[in-house]
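What follows is the residue order along each chain.
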Amino acid sequence: MLQMTKNSLRLFFRNIALVLAFGAVLAAPHLLMLPRMDSLVSLGAGQIASYHFASLLLQQAGLFFLLFAFIGYEFFSRSKRAFLLETVKTCPNGHLRLLGAQFLAMELLLLAAVVNVSLYFVFGVAFTGNTQGPVVANLLLSLVLYFLLSGTVALLLGCVLALCAGRMAAYGVMVLWSYLASDLPYMVLTSLQEKIGPAAYWLRDLLGVCFAGEGFVDPAYGLPVEWYRFALVFFWVLALGAVVLIFTRPSPPKNRRWVAVGMAALSLFCLTAYLCKQGYRPMDSRIDGRMVDSYYSYADVQPREEPAGFAVSACEMDLRVGDGLKARVVLDLEQTEGLAGLKFTLYHGYRLQAVTDGAGNRLPFEREGDYLYVPQDAGTPLSQLTFSYGGMSGEFYSNAQGIHLPGYFPYFPMEGYHRLDGGLSGEFAPGAREPHLTESRPITLRLQTRLPVFVSLPQQPDGSYAGLSTGATIFGGQYVRGPLGSYDAVMPQMSAYPFYVDGFEEALERLGGQLGVDLSQKFRDKPLFVSPQGFTRGEKSCYIEMEDCYVILGALAPRPITNVIKMLAGSNLEKQHVAYLTHLYLDVGMRDDFIAYFTGKWDGSIPNEFAGDLGPAGYKEMYQTFMDAIEKNGEDAVLKQVGAYLTDDGDTRDRYTFVNSLME
Amino acid sequence: MVRLVYLRFRAMGKLYFVVPLGLFVLLPILCWLAYQQPGNSAYLDVADYLEQLGVLLCVWWPCAALKEDMEGDGNELLFMYMGKKGRRPVCDLANIGWYLLHFWLIGSMLLLVDGRYGMFLVRTTGQIVFIWSACYLLIGLLQSTAIPLMLSVGYFLGGHLIEADVRGKLTIFEPAFQVTWQLVQQKTTILLCIGLVFCAVALALMRRPVK
Amino acid sequence: MLEMKAVQKSFKKKMVLKGIDCEIGEGVYGLLGPNGAGKTTLMRCIVGLYSLQGGQILFDGKDVAKNGDLLARIGYLPQKFGLFKELKVYNMMEYFATLKNIPKEEQRPAIEKSLEIVNLSERMGDRVGALSGGMIRRLGIAQAVLGEPEVILFDEPTAGLDPEERMRFKNIIASIKKGRTILISTHIVEDVEAVCDHILVMDNGLIVGAGTDSQVRAAAQGKVYLIPEQEKLPAGSYIEKRLEGEEGVLLRVLSSAPLAGAREAAPTVEDGYMSMIKRI
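Residue numbers (our numbering), protein chains in the order written: chain W, 1 to 664; chain B, 1001 to 1211; chain V, 2001 to 2280.
Don't read these hints as lab results, they were simulated from the structure. Keep in mind that the hints are not guaranteed to be accurate.
As the list claims (entries may be wrong) - Listed below are the simulated DSS-like cross-link pairs for lysine-lysine, each with C-alpha atoms no more than 27 Å apart in a straight line:
| id | chain 1 | residue 1 | chain 2 | residue 2 |
| --- | --- | --- | --- | --- |
| 1 | W | Lys80 | B | Lys1014 |
| 2 | V | Lys2178 | V | Lys2080 |
| 3 | B | Lys1014 | V | Lys2088 |
| 4 | V | Lys2170 | B | Lys1014 |
| 5 | V | Lys2088 | V | Lys2170 |
| 6 | V | Lys2080 | V | Lys2018 |
| 7 | W | Lys601 | W | Lys632 |
| 8 | V | Lys2113 | V | Lys2018 |
| 9 | B | Lys1014 | V | Lys2104 |
| 10 | W | Lys80 | V | Lys2085 |
| 11 | W | Lys80 | V | Lys2088 |
| 12 | B | Lys1014 | V | Lys2080 |
| 13 | V | Lys2062 | V | Lys2170 |
| 14 | W | Lys80 | V | Lys2080 |
| 15 | V | Lys2104 | V | Lys2088 |
Can you build the whole structure from these sequences, using the hints too?
Next comes the structure, spelled out in structure tokens:
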């Protein structure tokens, strides 16, 4: 076998076309990376994540797959054309040994190519000094999954096509597979899924052995190496291997047939495991085949904002994080008398299995998108409800690789109906990224996960977490706790940019002075839970204040300091609009344009950021009134009134009334 | 000569129809899908589809047409009749000409929808000529169709998988929103010139004796 | 008339044709030689696939290398033939007819005639890929004779064919040879004997013998012996065959010197060929 493998390698290197192809495989990573190394390295080790180099190459895993599929096809089909297979047919297990030796030779070349790619992985680790075990393990697994294993699938595909298909048909299959398994059909599939639903993604998901996802939503998650990706790869390895076994002879012997059947059965098992995974990859931002962002545009469910009419006095959560989230939440309820039913909000990505009362009786419920309604008998008001559910929720992920469950996100049933349709870009509209509940309640959380976790509630001696909050914030995976500037923070081990930029505290103090609000204790009174999710630059940070922590999306930096203003508005929608307006006025990137537009010195159409409030008064009137008030009474006076309005819980004026009052 | 060109396309058999199916069926469907989306980005999406499909499909016909010339049993005959009688330049270049005709046929319909597509059509024409001629050159160099197809499609795939902000600097591709007339003029001219050089070298290489 | 004058061809440092001189006129010529003699290389040089390092190949006095239009008068069947397997037989022939510059209106009759010669008229509508190996070879012959070329070259035309197909090939040659020059390259002596008027023996890049079959036979006159196996053979003799018969095992041997204990045998074309190859 060793001799045959050596001969196969000799055969390979005697063919100029194959040598050129292999040269292209070796050269490709360097052609992609070397022109960019200067700009990456110049950022400095502190400003770049160790996985960054790897992630750039991961985008090109589809190219690696294509090249090895062609190399495999060309190499194996030459054997077929040279009648080698017919020649060895009479030898004992001739076909198997020949193909096996050739496949081994190809695998050796694949290994060499993977080592070539890994140079950049190693460089990333060495350059950043990020040598923690989980980080290195994550990189190693991604190298194995997206290059070694997917390259093996590519070689097997090439072999199967060489044995079974015509030349042009083989070319078509390889090109189509590589195209579908890459990021290129993203736009098409996004449009298609809105017409035909989850089926749009089936083929791509099945073929996507080399596809990491449509983007890295959260660098704290690391490179995606969930177990079901391995299941998919092994499905293809076993299935294609079975085909090769069967097709190496017109009538294979019995024992070979049994082996092939066994491999096929195993492959089906792997496929079933893959299909039965609890949730979608967070990187695809999809739940049940629907894009998270487009769900609200195309779902039939109208967004609602309705008060509960009852209160939750205590919350007990048992969460198990494995493939996805499995949860059992017990809510103690008050003031439920006289209500026809109880309204809750639970993110639509979770499948609700059962709702039971305090005695354990199953209760009927109605679920429409994020909104859950539990009817109750007039004569027997409910005092306790237990919810059993599970699943995953896109960017608010919870699986064996990471957990991102901020306390403002309804990963547990929240009383009342709350709008969750404001996306990440929704600066001011109600959405998934803001606190919806106002009343704290005692929460007890029992969490089962293999990941290191950080929870906003204090940990108890028995390992559970308990405290007063509107919702527990849970971050798990590649996080550390430590000082961030002069703040106590839980933050990712890896990031593409620093989470703290000098000048933040001075900017905070300055803002407090402008608004007449004492901001000195902001970010000091509670721990910070820092996530880089969705943002790559400090300018787009978002700060959300909870009872027990702050959730920082982005960085603490001077430029987006005006985002702090939104924090002052809390969950009051009217005040959020005023906060956003003030942010537009004060933000250094938009201030000049805002002033120019609303003082009549602007050329061109209205910038999108100023479109803002589309209520009956229209944006222009409210924003214009604000600017007029500043011109009339001075910026200092107006801003102080804004600060007082935002921080006074007793001030319940709507936004128009307040802004109009600024003119007085 | 016209008949020979026609027969060379017919000799592809059913494989010929991959390109018309892609350009006249798949591309219009994608354009329709793009225009169904909310917002004003449909024309940029369509421009990206033009680039993707236009470039990806252009390497199909040369590989299908030259498959027998390079790898067929008895390809000496084809070399003998094609190479020595000066027919090869006409037959092979008719391949890219006919493809561009197909491309511009669908492109002219897009122009009727929105005149801004002209810029993208010109840009993609330059990219098509470059990729086609690179594939043709590799076929002439390696006397094979598999690896040239692999390298051409590999360049296409690798180029499109690079992040949008650096794609234009490192490859011949760029996202639609970065395209301007000035860029198109510069890049297309360069690509057409390189394409011509590749074609000339390829034609010289095609005259080499077969193995 | 096809003339080869001091034809030389080398690949890198290896000289494959070392100076071929011969004239081929009307009739069927067999180019006989062992593997590696240079037969296929010579054929390819004649049709202009290779350029020569020395010498000339003239067709009716004109240099083939400099007059590409002469190729229209030459038909060629390469060693392997199996092009356009997806096309129908008629379409494939139409392609070659166009390549051979046969006017469009004359193509159909020419194709039908060629296919009739090789007995494939009924398979005109079938895909080339659906034909058997022998039929595909016949199709190759059909494209070679398409357009009534004056010179037809066949490179190993019967290799791998069954006896029926080989017989069919011989009949085809017999039917088309009138007024033509046909050159058949092969290493199967029986085919040459049955079909060819003239034989050219080639070895190691040179023509080592030429003549009719009786002339080739005569080259081995007095050199062919049958000798019992146990007898000692002198150096320089060559064992052609081992024969088992009533007298026991006999060896058919070529020897330039008489052999003791052996009886002389009447030479065959194969004996003449072997004596030329082995320089006995």
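Taking each numbered hint in turn, which are not upheld by the structure, reported in ascending numerical order? Numbers 4, 8 and 13 - these are the hints that the structure violates, sorted from lowest upward.
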